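Trainee: Spelled out from the first residue to the last, the chains are:
Number of protein chains: 2
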Amino acid sequence: MRRSSGGIRMVVARQLGITTLLCAAMEMTGPAAGHAQTANSPMLEVPARAVPVPTTVSSQMAKIIGLPLRTNWNVLPKTGEEWKPVADAGAAAIIKNIPGMTERLHVKVEKTMIDGVRAFVVTPDTIPPDNRNRLLIHVHGGCYVLNPGEAALPEAMFMAGFGHYKVIAVDYRMPPEAYFPAALDDGMTVYKNALRTMDPKNVAIFGSSAGGALTLEMILKAKQDGLPMPGAIAPGTPMSDVTKVGDTFVTNAMLDNVLVSPDGFCDAGTKVYANGHDLKDPLLSPVYGDMQGFPPTILTSGTRDLLLSNTVRVHRKLRQAGVDAWLQVYEGQSHAQYYRDDTSPEAKEAFEEIAGFFDKHLGK
Amino acid sequence: MRRSSGGIRMVVARQLGITTLLCAAMEMTGPAAGHAQTANSPMLEVPARAVPVPTTVSSQMAKIIGLPLRTNWNVLPKTGEEWKPVADAGAAAIIKNIPGMTERLHVKVEKTMIDGVRAFVVTPDTIPPDNRNRLLIHVHGGCYVLNPGEAALPEAMFMAGFGHYKVIAVDYRMPPEAYFPAALDDGMTVYKNALRTMDPKNVAIFGSSAGGALTLEMILKAKQDGLPMPGAIAPGTPMSDVTKVGDTFVTNAMLDNVLVSPDGFCDAGTKVYANGHDLKDPLLSPVYGDMQGFPPTILTSGTRDLLLSNTVRVHRKLRQAGVDAWLQVYEGQSHAQYYRDDTSPEAKEAFEEIAGFFDKHLGK
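Top line first, the protein sequences correspond to chains A and B.
Everything in the first sequence is counted per UniProt numbering, starting at 1 for the first residue and increasing by one.
Everything in the second sequence is counted per UniProt numbering, starting at 1 for the first residue and increasing by one.
If you are wondering where the hints come from, they were derived from the structure by calculation, not from laboratory data.
Nothing here was measured: the structure is a model prediction, and the numbers come from that model.
Using N, Cα and C, we set each Cβ at its ideal position, and we do this for glycine too.
Some clues are possibly wrong.
Unchecked claim - Derived lysine to aspartate or glutamate pairs resembling EDC-like cross-links, with alpha carbons at most 20 Å apart: (1) A:166 x A:82; (2) B:360 x A:225; (3) B:84 x B:150; (4) A:271 x A:177; (5) A:96 x A:342; (6) A:244 x A:225; (7) B:63 x B:342; (8) B:280 x B:290; (9) A:317 x B:352; (10) A:317 x A:290; (11) A:192 x A:225; (12) A:111 x A:130; (13) B:360 x B:130; (14) B:348 x A:324; (15) B:223 x B:125; (16) B:317 x A:263; (17) A:317 x B:349; (18) A:96 x A:110; (19) B:317 x A:353; (20) A:317 x B:353; (21) A:96 x A:82; (22) A:111 x A:82; (23) B:108 x B:125; (24) B:317 x A:115; (25) A:348 x B:324; (26) B:223 x B:263; (27) A:271 x A:185; (28) A:271 x A:82; (29) A:360 x B:349; (30) A:111 x A:150.
What the hints assert, rightly or not - Restraint-style ranges between C-beta atoms, simulated for each label pair: (31) A:178 x B:292: 43 to 53 Å; (32) A:292 x B:324: 23 to 33 Å; (33) B:192 x A:322: 56 to 66 Å; (34) B:177 x A:292: 15 to 25 Å; (35) B:195 x A:196: 30 to 40 Å; (36) A:196 x B:324: 47 to 57 Å; (37) A:130 x B:292: 18 to 28 Å; (38) A:200 x B:58: 15 to 25 Å.
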């Protein structure tokens with residue numbers, strides 16, 4: 001990230017939620033404060049604003065967009081042991097919703113082990129004939145530290161329910177149980193297991209956030225290991241660059257009510273998982289990987305998403321590599337809000353788009 | 001736009017470029033200032049920030065993104081007569097670049113009249129065999145009041161040069177010469193002329209900003225008039241909703257260095273063109289039109305674009321209508337910056353994507 005004399009100001013502005021303190025911060029900026037920018041300091045001074053909930057989304061999505069900034073977005077556990085109670089508390093809140101979702105989405109969930117990896121099989125009540133020989137592998141989000149056990153399930157259930165595909169949700173190892181590259185290894189174990197009985201062209205991989213990154217990382221790893229490519233992938237708002245490079249890390253900070261800031265909880269979780277490994281390694285920041293030969297890819301994001309740049313940069317890079325890559329961006333949504341509420345029309349729309357893309361590209 | 005007790009604050013924040021005054025404005029916000037939002041007032045208070053030029057774009061694009069806010073973005077001419085000298089001055093600055101572009105893009109430009117409508121024929125030095133029976137019609141941007149004469153040409157020249165298609169650029173009538181629906185009528189005249197000699201499937205229509213809106217408006221009008229659909233269209237960052245509805249009108253205000261604000265020069269120009277006509281008419285705000293039966297569509301925008309919501313809302317609406325619609329969003333770009341500099345790799349990339357989309361969908 002480019003740093004000029006305005007760099008300190010930016011950091012200050014990012015860390016503060018309290019507007020009265022911001023005035024003090026702005027007074028420190030000196031004579032440049034009245035100008036958008038100067039030749040020597042190409043910083044754009046964007047004023048504070050009060051942002052209403054857009055009127056262009058469903059009532060369900062308006063509720064999600066209207067939520068305050070995530071509680072404790074700036075609490076930053078430093079070890080796997082410190083993350084465990086945070087992850088367990090978050091998981092308990094999510095798991096409460098699973099029975100209702102099971103019913104509304106018409107899916108059933110079974111716990112399983114696949115070559116030593118914990119997983120769930122999510123099966124829709126009805127699988128159309130075209131999908132009977134197809135399998136989707138899901139890698140969940142949560143900054144590589146959140147959503148253990150059944151908390152891994154919501155997005156897999158959305159996909160199974162709206163798309164009518166059988167899904168295996170990988171409950172991969174996370175800190176403090178294991179560190180990089182454990183999540184990736186567990187995903188690969190499940191993929192390799194599927195290859196033993198399935199035509200790779202009938203398999204897709206998907207997931208959002210860390211799961212979007214893991215989807216891309218699995219393809220990079222499969223290429224490294226000489227494994228066949230799956231038929232298609234759907235990385236949603238992938239954490240494709242965890243080095244904080246990308247424009248919307250700045251422009252959507254304090255606007256995205258989920259991730260909130262590039263210096264927030266998600267960055268802290270990723271660093272704990274990385275465990276000292278280079279964050280620019282494409283197996284942690286896949287935007288830096290070679291995307292030649294990637295399978296057809298559908299990407300999903302929102303206009304307020306802190307990772308909108310992470311998403312569109314992957315889209316451009318895939319296109320530059322000649323990959324059939326498709327982008328959907330949803331109005332007003334912050335990070336991964338398309339799988340927050342299975343009753344929102346935007347959730348149905350996003351997953352039906354992904355299902356249609358898979359239907360077009362997977363073997364039968 | 002939803003207005004609560006925070007509405008006044010937002011307007012104040014939008015109009016002020018001077019951060020010291022913003023502190024006073026923020027002090028007026030009262031007890032809610034320290035909180036992201038309250039239950040009764042779902043406003044998200046986004047603090048001021050200094051935004052650097054992203055490091056994730058080409059050096060050419062970095063220069064464009066690093067420009068200060070457009071000069072006189074908040075000067076608002078109220079009549080066609082007041083706009084004329086503004087448009088003429090802007091055109092003179094653009095026209096200076098035409099000879100260099102002609103050479104670099106390997107195109108030639110000829111002035112013509114088509115059934116009474118002023119136009120230019122832009123022909124690339126080399127037209128590949130597949131494109132010899134294809135024609136693109138270009139409708140330029142400029143808020144319906146800017147870019148008269150040769151100033152209409154740059155995007156048409158980018159398309160002809162990077163895409164190797166013959167392009168007719170419509171130099172449609174604008175205020176004070178004529179008002180709504182003159183621009184649309186002139187576009188339709190050129191389209192109907194093309195239909196007399198061309199298979200409609202071999203014709204595409206494209207343009208950005210007001211030209212993106214006009215592209216969509218022409219399809220709505222062609223449907224109304226029972227004309228055949230063209231083979232494909234490419235509305236770039238369309239002014240698809242001129243009623244100021246859409247999330248990025250707020251979230252990207254004062255960040256987009258081209259349009260700057262929903263209450264700036266572009267809104268003023270559109271109102272002069274509309275001349276009292278209902279701004280919600282789909283022939284001025286095409287996002288409200290019926291998009292069933294639209295031809296394959298490729299949309300282009302940027303992460304800082306004030307019209308990113310205008311773009312993605314059209315994308316979603318097209319997809320909901322079952323249209324083969326494709327979205328490209330570029331890192332860090334404000335409104336329509338993909339056709340600012342023909343030497344930027346991002347310009348080549350954007351127009352080659354559009355050219356490839358046309359190649360896939362047009363008849364030969």
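Trainee: For each hint, tell me whether it holds in the structure or not.
Mentor: Outcome of the hint check:
Annotation: proposed proximity of residue 166 of chain A to residue 82 of chain A is violated, straight-line Cα distance about 35 Å (limit 20 Å). Restraint check for residue 360 of chain B and residue 225 of chain A: not satisfied, since their Cα atoms lie roughly 34 Å apart, outside the 20 Å limit. Between the alpha carbons of residue 84 of chain B and residue 150 of chain B the distance comes to roughly 15 Å, so the proposed pair stays at or under 20 Å and holds. Using a Cα cut-off of 20 Å, the hinted pair residue 271 of chain A and residue 177 of chain A holds, with the two alpha carbons roughly 15 Å apart.
Annotation: proposed proximity of residue 96 of chain A to residue 342 of chain A holds, straight-line Cα distance about 14 Å (limit 20 Å). Taking the CA atoms of residue 244 of chain A and residue 225 of chain A, the gap is near 28 Å; set against the 20 Å cutoff, the hint is violated. Proposed proximity of residue 63 of chain B and residue 342 of chain B is supported: the alpha carbons are some 13 Å apart, at most 20 Å. Pair hint residue 280 of chain B plus residue 290 of chain B holds up; C-alpha atoms about 13 Å apart against a cutoff of 20 Å.
With a CA separation close to 14 Å, the supplied pair residue 317 of chain A and residue 352 of chain B stays within the 20 Å bound. The straight-line distance between the Cα atoms of residue 317 of chain A and residue 290 of chain A is roughly 9 Å, inside the 20 Å bound, and the hint therefore holds. At most 20 Å may separate the alpha-carbon atoms for a hinted pair to count; residue 192 of chain A and residue 225 of chain A meet this at roughly 11 Å. As the CA atoms of residue 111 of chain A and residue 130 of chain A are separated by approximately 25 Å, the hinted pair breaks the 20 Å bound.
Restraint check for residue 360 of chain B and residue 130 of chain B: satisfied, since their Cα atoms lie roughly 11 Å apart, inside the 20 Å limit. With a C-alpha separation of about 19 Å, the suggested pairing of residue 348 of chain B with residue 324 of chain A holds against the 20 Å cut-off. Pair hint residue 223 of chain B plus residue 125 of chain B does not hold up; C-alpha atoms about 35 Å apart against a cutoff of 20 Å. Restraint check for residue 317 of chain B and residue 263 of chain A: the C-alpha separation of about 35 Å exceeds 20 Å, so the hint is violated.
Between residue 317 of chain A and residue 349 of chain B, the direct Cα distance comes to roughly 11 Å. Compliance with the 20 Å bound is thereby established for this hinted pair. Taking the CA atoms of residue 96 of chain A and residue 110 of chain A, the gap is near 17 Å; set against the 20 Å cutoff, the hint holds. Restraint check: the Cα-Cα separation between residue 317 of chain B and residue 353 of chain A comes to about 13 Å, which is no more than 20 Å; the hinted pair holds. Between residue 317 of chain A and residue 353 of chain B the alpha-carbon distance is near 13 Å, which keeps this suggested pair within the 20 Å criterion.
With a C-alpha separation of about 23 Å, the suggested pairing of residue 96 of chain A with residue 82 of chain A is violated against the 20 Å cut-off. Annotation: proposed proximity of residue 111 of chain A to residue 82 of chain A is violated, straight-line Cα distance about 27 Å (limit 20 Å). For the proposed pair residue 108 of chain B and residue 125 of chain B, the alpha carbon gap of about 7 Å is at most 20 Å, so the pair holds. Taken as a hint, the residue 317 of chain B and residue 115 of chain A pair is broken in the structure, with Cα atoms around 44 Å apart against an allowance of 20 Å.
Of the supplied pair hints, the one linking residue 348 of chain A and residue 324 of chain B holds, its CA atoms being roughly 19 Å apart against a limit of 20 Å. Between residue 223 of chain B and residue 263 of chain B the alpha-carbon distance is near 32 Å, which puts this suggested pair outside the 20 Å criterion. Straight-line distance between C-alpha atoms of residue 271 of chain A and residue 185 of chain A comes to about 18 Å, which keeps the hinted pair within the 20 Å bound. Distance check on the hinted pair: residue 271 of chain A and residue 82 of chain A sit about 13 Å apart at the alpha-carbon level, within 20 Å; holds.
Annotation: proposed proximity of residue 360 of chain A to residue 349 of chain B is violated, straight-line Cα distance about 26 Å (limit 20 Å). The hinted pair formed by residue 111 of chain A and residue 150 of chain A meets the criterion: a straight-line CA distance of about 9 Å does not exceed 20 Å. Distance hint for residue 178 of chain A and residue 292 of chain B: a CB-CB separation of about 52 Å, consistent with the stated range 43 to 53 Å. Between residue 292 of chain A and residue 324 of chain B the Cβ separation comes to about 26 Å, which falls inside the hinted range of 23 to 33 Å.
One distance hint, 56 to 66 Å for the beta-carbon pair residue 192 of chain B and residue 322 of chain A, is violated here, with the actual separation near 38 Å. At about 52 Å, the CB distance of residue 177 of chain B to residue 292 of chain A disagrees with the hint of 15 to 25 Å. Between residue 195 of chain B and residue 196 of chain A the beta carbons are some 57 Å apart, a value that contradicts the proposed interval 30 to 40 Å. Taking 47 to 57 Å as the suggested C-beta distance range, the pair residue 196 of chain A and residue 324 of chain B does not conform, at roughly 36 Å.
Between residue 130 of chain A and residue 292 of chain B, the C-beta spacing of about 26 Å keeps the proposed range 18 to 28 Å intact. A hinted range of 15 to 25 Å for the beta carbons of residue 200 of chain A and residue 58 of chain B is inconsistent with their spacing of about 36 Å.
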